[in-house]
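Asks: Position chain B relative to chain A; hints supplied.
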Amino acid sequence: MKLLTGNVSRTGEVIWWTGDGWSPDVADAVLMDPAAGEAVLAREAVAEQVNDLALVDAEPGPGGVPRPLHIRERIRAFGPTVRPDLGRAGRDWR
Amino acid sequence: MYRYDAIDRALVEARVEEFRDQLARRLSGELDEEHFKPLRLKNGLYLQLHAYMLRVAIPYGLLSSRQLRMLAHVARRYDRGYGHFTTRQNIQYNWIRLEEAADLLADLATVEMHAIQTSGNCIRNISADQYAGAAADEVADPRPWAELLRQWSSFHPEFSYLPRKFKIALTGSDADRAAIRFHDIGFQLVRDCGGALGFRVFVGGGMGRTPFVGPCIRDFLPAGEFLSYSEAILRVYNRFGRRDNIYKARIKILVHELGAERFAAEVEAEHRHVKTLGIDAPEAEVRRIAGFFADPPFEPGLDDAVDDGGDEAFARWLLRQVKPHKVPGYRIVNVSLKPKGGIPGDASAEQMEAVAGLAERFSFDEVRVTHAQNLVLAHVRACDLRAVHDGLLAVGLAEANLDLATDVISCPGLDYCTLANARSIPVAMKVADRLRDREAELGELKIKVSGCINACGHHHAGHIGILGVDRKGVENYQLLLGGSGAEDASIAQILGPGFTEEGVVEAVATVTDVYLRERMAGERFLDTFRRIGPKPFKEAVYA
Numbered sequence: 001m002k003l004l005t006g007n008v009s010r011t012g013e014v015i016w017w018t019g020d021g022w023s024p025d026v027a028d029a030v031l032m033d034p035a036a037g038e039a040v041l042a043r044e045a046v047a048e049q050v051n052d053l054a055l056v057d058a059e060p061g062p063g064g065v066p067r068p069l070h071i072r073e074r075i076r077a078f079g080p081t082v083r084p085d086l087g088r089a090g091r092d093w094r
Numbered sequence: 001m002y003r004y005d006a007i008d009r010a011l012v013e014a015r016v017e018e019f020r021d022q023l024a025r026r027l028s029g030e031l032d033e034e035h036f037k038p039l040r041l042k043n044g045l046y047l048q049l050h051a052y053m054l055r056v057a058i059p060y061g062l063l064s065s066r067q068l069r070m071l072a073h074v075a076r077r078y079d080r081g082y083g084h085f086t087t088r089q090n091i092q093y094n095w096i097r098l099e100e101a102a103d104l105l106a107d108l109a110t111v112e113m114h115a116i117q118t119s120g121n122c123i124r125n126i127s128a129d130q131y132a133g134a135a136a137d138e139v140a141d142p143r144p145w146a147e148l149l150r151q152w153s154s155f156h157p158e159f160s161y162l163p164r165k166f167k168i169a170l171t172g173s174d175a176d177r178a179a180i181r182f183h184d185i186g187f188q189l190v191r192d193c194g195g196a197l198g199f200r201v202f203v204g205g206g207m208g209r210t211p212f213v214g215p216c217i218r219d220f221l222p223a224g225e226f227l228s229y230s231e232a233i234l235r236v237y238n239r240f241g242r243r244d245n246i247y248k249a250r251i252k253i254l255v256h257e258l259g260a261e262r263f264a265a266e267v268e269a270e271h272r273h274v275k276t277l278g279i280d281a282p283e284a285e286v287r288r289i290a291g292f293f294a295d296p297p298f299e300p301g302l303d304d305a306v307d308d309g310g311d312e313a314f315a316r317w318l319l320r321q322v323k324p325h326k327v328p329g330y331r332i333v334n335v336s337l338k339p340k341g342g343i344p345g346d347a348s349a350e351q352m353e354a355v356a357g358l359a360e361r362f363s364f365d366e367v368r369v370t371h372a373q374n375l376v377l378a379h380v381r382a383c384d385l386r387a388v389h390d391g392l393l394a395v396g397l398a399e400a401n402l403d404l405a406t407d408v409i410s411c412p413g414l415d416y417c418t419l420a421n422a423r424s425i426p427v428a429m430k431v432a433d434r435l436r437d438r439e440a441e442l443g444e445l446k447i448k449v450s451g452c453i454n455a456c457g458h459h460h461a462g463h464i465g466i467l468g469v470d471r472k473g474v475e476n477y478q479l480l481l482g483g484s485g486a487e488d489a490s491i492a493q494i495l496g497p498g499f500t501e502e503g504v505v506e507a508v509a510t511v512t513d514v515y516l517r518e519r520m521a522g523e524r525f526l527d528t529f530r531r532i533g534p535k536p537f538k539e540a541v542y543a
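From first to last, the protein sequence lines are chains A and B. Counted the way this note's numbering counts, the first sequence spans residues 1 to 94. Counted the way this note's numbering counts, the second sequence spans residues 1 to 543.
Each hint should be verified, as a subset may be incorrect.
Computed footprint of chain B on chain A, listed as stretches where at least three residues anywhere in the stretch have a Cβ under 8 Å from a Cβ of chain B [stated by the list, open to error]:
hint, segment
1, 10 to 17
2, 70 to 79
In silico SDA-like cross-links for lysine to any residue, where the CA-CA straight-line distance does not exceed 25 Å [said to hold, decoys possible]:
hint, chain 1, residue 1, chain 2, residue 2
3, B, Lys248, B, Ala269
4, B, Lys472, A, His70
5, B, Lys42, A, Thr11
6, B, Lys37, A, Ser23
7, B, Lys430, A, Trp93
8, B, Lys340, A, Thr81
9, B, Lys472, A, Thr81
10, B, Lys535, B, Glu518
11, B, Lys323, B, Ala486
12, B, Lys430, A, Gly87
13, B, Lys165, B, Gln151
Worth flagging that the hints you see were computed from the coordinates, not collected in a lab. Positions of the beta carbon are idealized from the N, C-alpha and C atoms, including for glycine.
One chain only, chain A, in its complex shape:
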């Protein structure tokens, strides 16, 4: 399964596709099959509001929060591992 992610052009903030919009919280993200993800990515790329759009591999995680498979995307989702005070409260990047 895939998550669609990127950074808000105006601010740089990490965001995740929720099915009908964007959220800074990966808990709101929707897991999609690759074909559906590609279609959303193509549509959103035209809008030019999100930089570095990418589909990343993910799976359902604890508590229903989608869990990116690669550590890079988990760090994007939950914040720097060395500064938990700057990340998503209560979320474990592992």
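Replies: For chain B alone, coordinates are given in the frame of chain A:
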């Protein structure tokens, strides 16, 4: 220190307004990201993992208190209360909002700072010995020459689109505190047998995917030909450097492929032409710039003695962090940005303001940033050392670990950087924790950690280097031994197969066990490694 003239000020202010216009067009949708990206990169704005990152230039690592206070203001107003001092003597902010970037740059411009040429294939921020103008072992002060290079290279139209980025470092001492032989050009100030000032010139050093120690291509370059020779080197690189392959585009590859002798011959031929063009700065201009770096009004006849008062922590700090000064009664103070539990190179806004205040009161208003991610107060009276120590202690910056095992250099790694393959900061912190109890016994031990092959953490130059790689989606760490970025420059060699995060920390501990077992009297880790080679270390680590 150097102060902007009307031309400098006009250039920087015009650049801010130009970027403000570019940014407005991006935010309105008039410019798309494809066209805007090179423009923001030219102003030091990268998009990293969590947000935009801004890299601010600190020319030759020199800051006034006012400038450091501005960096604290930027941290507080535009970021999340801290900044990260880098191995290029710059500072990076990790949480910048693009829509505020023009206001940020305008704030920086009020204190003669900017982010110009902190990205792109141009001549980047010039770095220099952090003890410049203060060191007892100095032949001459490299800062005027670094400033001359800054002015020559800023917006140089011929060198704005080089094959690849270009980094220059200078030192004025035999002791190399600026890692000059790991730069595209390294200049060492020397005097010839007649006492004339000049430069030993090293070209083609570097780290990254293909590390090289730069060879010397000119033993003595008269100081008066400094700019024309620099121009000749850049012209040869611009003409022959490869643009077809990013991995072979740095000047180090050109020097390696041509050979140092042939490369030097090309430069000499070009120089014969370039020096007829009137590029070299007139002596009066060199003297004018040097005037900005004249000695501050040192007090003569000060008592040179320092009494630690029986305070063990203060005595340890004096021993590690305080270095001799060229003027009796003064000392150079190194401020560790590697406190216990801290992130290497990070400083909070409060810490920056505290150091700025100490510099204002006790060090003629000057702060230096080092390529080892520490700060320096270069001119402190011996009688003020106690007050400086106590001031640093109050903000958690009185660690006594300069060049010891806990003074670990680290790039931002995968916690922040989009290029990284593995985290480097947690490894640096764990290594420091693991070795803290024995760091005094280990003595000088420079450990450097990078999160990818680009080597921003200088792992190739570490006595012990650690390189993070991605192995099928899992962080893995290679261990390297025997590097040095100092005057005895060498490239660290990979010891063997990589480790997990916990594994590499234990491997480092094992390596230090071997050193303690094998060392002879007076030997640093590096000396022992060079004497006995990698075999005993390899046998112990992979036993």
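Asks: Confirm or reject each hint.
Replies: We went through each hint and held it up to the structure:
Only residues whose beta carbon comes within less than 8 Å of a beta carbon in chain B count, and the segment 10 to 17 of chain A has 5; three or more means the coverage holds. Judged by the Cβ-Cβ criterion of 8 Å, the segment 70 to 79 of chain A is covered by chain B as claimed, because 6 of its residues qualify and three suffice. A threshold of 25 Å between alpha carbons decides the hint, and for B/Lys248 with B/Ala269 the separation of about 24 Å falls inside it, so the pair holds. In summary, the hint linking B/Lys472 to A/His70 is supported, as the alpha carbons are separated by about 10 Å, within the 25 Å threshold.
Proximity of B/Lys42 to A/Thr11 is assessed by CA-CA distance (about 18 Å); at most 25 Å being required, the pair is judged to hold. Taking the CA atoms of B/Lys37 and A/Ser23, the gap is about 24 Å. The hint holds against a cut of 25 Å. Taken as a hint, the B/Lys430 and A/Trp93 pair is honoured in the structure, with Cα atoms around 18 Å apart against an allowance of 25 Å. For the hint linking B/Lys340 to A/Thr81, the alpha-carbon distance of about 17 Å falls within 25 Å, and the restraint holds.
Between B/Lys472 and A/Thr81 the alpha-carbon distance is near 20 Å, which keeps this suggested pair within the 25 Å criterion. Between the alpha carbons of B/Lys535 and B/Glu518 the distance comes to roughly 12 Å, so the proposed pair stays at or under 25 Å and holds. Only pairs whose Cα atoms come within 25 Å are accepted, and B/Lys323 paired with B/Ala486 is accepted, the gap being roughly 17 Å. Annotation: proposed proximity of B/Lys430 to A/Gly87 holds, straight-line Cα distance about 21 Å (limit 25 Å).
Distance hint between B/Lys165 and B/Gln151 is fulfilled; the C-alpha atoms sit about 17 Å from each other, no more than 25 Å.
In summary, this structure violates none of the numbered hints.
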